[in-house]
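Enquirer: Kindly generate the complete structure, drawing on both the sequences and the hints.
One line per chain: the protein sequences are A and B, in this order.
Residue numbers for the first sequence follow the UniProt record's numbering, beginning at 1 and rising by one.
Residue numbers for the second sequence follow the UniProt record's numbering, beginning at 1 and rising by one.
Please keep in mind that the hints were generated in silico from the structure rather than gathered at the bench.
Remember, it's a predicted structure, so these values are computed and weren't measured experimentally.
All residues carry an ideal CB built from backbone N, CA and C; glycine is no exception.
Careful, some of the hints might be misleading.
So, partial list: chain B residues that the calculated Cβ filter (under 7 Å) puts toward chain A [as the list claims (entries may be wrong)]: (1) Asn14; (2) Gly22; (3) Arg23; (4) Glu27; (5) Thr28; (6) Pro31; (7) Asn191; (8) Arg195; (9) Thr199; (10) Gly297; (11) Asp311; (12) Gly312; (13) Gln313; (14) Ile314.
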Amino acid sequence: MNDRLSARFAACRADNRAALVTFVTAGDPDLETSAAILAALPAAGADIIEIGMPFTDPMADGAAIQAGNLRSLAGGTRLRDVLAMVQAFRATDADTPLILMGYFNPILAYGPDRFAADAAAAGLDGTIVVDLPPEEADELVPHLGAHGLHLVRLATPTTDVARLPRVLEGASGFLYYVAVAGVTGANAATATDIAAAVARLKASTALPIAVGFGVRSPEQAAAIAVHADAVVVGSALVDAIGAAAAERANDIPARVGAQVAALAGAIRTARHQEAAA
Amino acid sequence: MNIATSLRAGPDANGHFGAFGGRYVAETLMPLILELEAAYEAAKADPAFKAEFDDLMTHYVGRPSPLYFAERLTHHLAKVAAAQGQPGGGAKIYLKRDELNHTGAHKINNCIGQILLAKRMGKTRIIAETGAGQHGVATATVAARFGLPCTIYMGSRDIARQAPNVFRMKLLGAEVRAVESGSKTLKDAMNDALRDWVTNVHDTFYIIGTAAGPHPYPAMVRDFQSVIGTEAREQILAREGKLPDLLVAAIGGGSNAIGLFHPFLDDSSVRMVGVEASGHGLESGAHAASLAGGRPGVLHGNKTMLLQDEDGQITEAHSISAGLDYPGIGPEHAWLHAIGRVEYQAATDDEALEAFKLLCAIEGIIPALEPSHALAAIARMAPTMAADQLIVANLCGRGDKDIFTVAEALGVTL
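Expert: Shown next, in the form of structure tokens:
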């Protein structure tokens with residue numbers, strides 16, 4: 001199995017800090033700007049990057065990421081463009097893990113086998129397929145495995161003890177804990193709830209736990225970083241990209257970079273401040 | 001026919017009809033879907049559940065709906081047969097009058113079943129999506145009847161073309177939320193209803209209106225709608241002493257069609273035709289015929305035939321009928337199509353309008369635009385059949401809601 005992810009989690013653990021996972025939609029607001037945003041993320045402090053594959057009907061996403069998907073599709077982004085973007089990124093960055101996140105239908109249309117082969121060749125590390133629960137995953141999982149790609153699974157507040165083993169079976173890379181029952185960009189869960197959930201999940205798996213959904217500010221990110229192995233921020237970045245695109249800003253990558261740097265700074269000091277307090 | 005070879009035995013334990021169906025939902029919903037499935041299985045086995053369903057069907061919905069011999073339509077198409085020089089003389093046409101149900105369409109059958117299940121599960125809030133507004137009205141109706149708050153998601157484009165139904169829903173106490181995303185029609189309303197459900201899983205029951213969505217919805221909706229075919233089968237046997245030769249029903253998601261067809265699936269002598277909406281014509285690209293013009297894909301929790309581009313992006317459907325304006329179809333239909341048990345045809349907006357006008361003029365029945373597509377297919381097929389052959393068509397909705405759309409299409413200002 002590809003080990004950029006485990007190397008990155010090990011490095012963060014050695015630093016006694018959580019990893020920052022950033023989500024942006026490929027092709028949002030256009031392919032060129034999107035590639036520049038991607039290139040700016042590691043230097044700004046993103047440890048792991050999730051790239052959204054645009055889909056017309058992102059039913060698990062809130063308004064921000066829906067809008068990002070539609071901006072990207074309006075510009076004509078295709079799955080092959082997303083993979084080309086991954087490949088270009090990988091040519092200049094050999095270490096930052098890249099996870100493709102999206103819905104199953106574009107993968108099905110591309111062909112699950114061809115998708116896994118092309119994604120691995122482009123330098124991708126794994127995928128999250130939001131609408132592909134373990135019950136339906138047989139059409140994709142063997143192909144991911146054959147090409148050394150991680151399948152990152154989601155656990156949620158509704159994932160009870162009866163359900164969790166099913167979710168963990170075949171999960172790899174890390175476990176993505178969806179902190180609130182809802183769509184992306186919704187209200188945040190409390191730090192107490194998150195701490196309890198992370199402890200519960202850690203009792204069942206050795207996989208690193210990343211926590212996302214509703215994490216917008218450096219303060220929220222820091223509060224979660226005390227407990228979780230990684231913090232995922234998506235809608236806040238996509239919102240900022242949308243706002244900057246609306247005003248036709250030409251410094252979108254720099255703006256996103258500054259936002260990510262603030263999140264990264266908060267996460268990097270979170271556990272030390274917690275220990276000092 | 002034994003169970004193993006019955007075409008009525010599906011889906012399998014994971015909700016698959018052959019290569020179609022299943023549960024393609026976000027993990028947040030999976031435990032809920034599994035809970036729903038268990039609750040539905042328990043309800044099916046409980047005689048008290050069936051008794052309450054049957055009682056409401058009789059006294060609230062007004063079932064059984066009549067099976068009406070459309071004598072003048074039959075004679076009219078016999079004349080067409082003669083004019084065409086067809087030797088058979090034209091089939092005898094019966095209409096299953098589900099448009100006479102409370103709320104004016106077949107949609108109420110399913111809503112009664114699902115709200116009883118919601119009550120049984122202790123859910124306190126109802127949501128639904130709607131296209132033409134018939135399912136929204138039916139859901140708002142049962143929510144009012146059972147005293148539960150109700151939110152209906154409806155595409156803003158559909159709100160504009162179905163104003164009377166929007167007002168009906170509001171009168172019934174429902175909140176109608178306009179959906180502005182995507183094509184602003186049924187598919188987008190379903191996206192937003194799913195988003196609501198995933199956010200309010202603890203207290204909310206999602207009443208899906210068609211035989212699609214994640215398992216167990218396609219099977220559950222089919223079961224509740226099968227009252228149509230079960231009645232029709234008894235009625236035609238009582239009336240004619242034999243099974244029909246042909247069943248015809250319009251298909252959007254396909255709930256009225258599967259409801260009519262399912263009780264006859266093992267009767268191999270019965271031919272079945274589902275009629276998709278081909279809008280401006282299949283070659284125009286502006287249609288809603290997901291079997292004729294689609295490919296297998298995954299949307300709204302199930303794998304089925306979908307209108308999509310080569311990248312798997314869902315394309316917009318078009319039909320003059322808001323109720324058929326959906327880029328997918330129920331997974332059981334996708335399977336019945338794949339195995340060839342049911343034949344699927346298409347009717348254009350113009351053909352449906354002609355059939356609409358014909359039924360108004362010669363039978364004194366204003367049909368909804370949805371079953372007008374089925375009537376258009378009958379106008380093509382009946383003349384080619386023999387005079388002793390029987391057609392049963394599902395008149396699944398009344399056309400009162402459509403008079404503004406029809407007036408506009410005919411260039412009339414109301």
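Enquirer: Determine for every hint whether it applies to the structure shown.
Expert: We went through each hint and held it up to the structure:
Checking B/Asn14 against chain A by beta carbon gives a least distance of about 6 Å; that is within 7 Å, so the hint holds. Because the beta carbon of B/Gly22 sits about 5 Å from the nearest beta carbon in chain A, less than 7 Å, this interface hint is met. The beta carbon of B/Arg23 comes within 6 Å of a beta carbon in chain A, closer than 7 Å, and the hint placing it at the interface holds. For B/Glu27, the interface hint holds, since its Cβ comes within 7 Å of a Cβ in chain A; the closest pair sits about 4 Å apart.
The interface hint given for B/Thr28 holds, since its Cβ lies 4 Å from the closest Cβ of chain A, which is under the 7 Å cut-off. For the restraint placing B/Pro31 at the interface with chain A, the shortest Cβ-Cβ distance is roughly 5 Å, inside the 7 Å limit, so the hint holds. A least Cβ separation of about 5 Å between B/Asn191 and chain A falls short of the 7 Å threshold, and the interface hint therefore holds. Satisfaction of the interface hint for B/Arg195 is found here, the shortest Cβ-Cβ separation to chain A being roughly 5 Å, below the 7 Å cut-off.
Because the smallest distance between the Cβ of B/Thr199 and any Cβ of chain A comes to about 4 Å, under 7 Å, the interface hint for this residue holds. For the restraint placing B/Gly297 at the interface with chain A, the shortest Cβ-Cβ distance is roughly 5 Å, inside the 7 Å limit, so the hint holds. A cut of 7 Å between beta carbons decides the hint on B/Asp311: the least distance to chain A is about 5 Å, and the hint holds. Taking 7 Å as the C-beta cut-off, the interface hint given for B/Gly312 holds, the closest approach to chain A being about 3 Å.
Evaluation of the B/Gln313 hint against chain A yields a held restraint, the C-beta minimum of about 5 Å falling below 7 Å. Interface restraint check: B/Ile314 against chain A, minimum CB-CB distance 5 Å, threshold 7 Å, status holds.
Consistency with the previously given hints is maintained throughout, with no hint failing.
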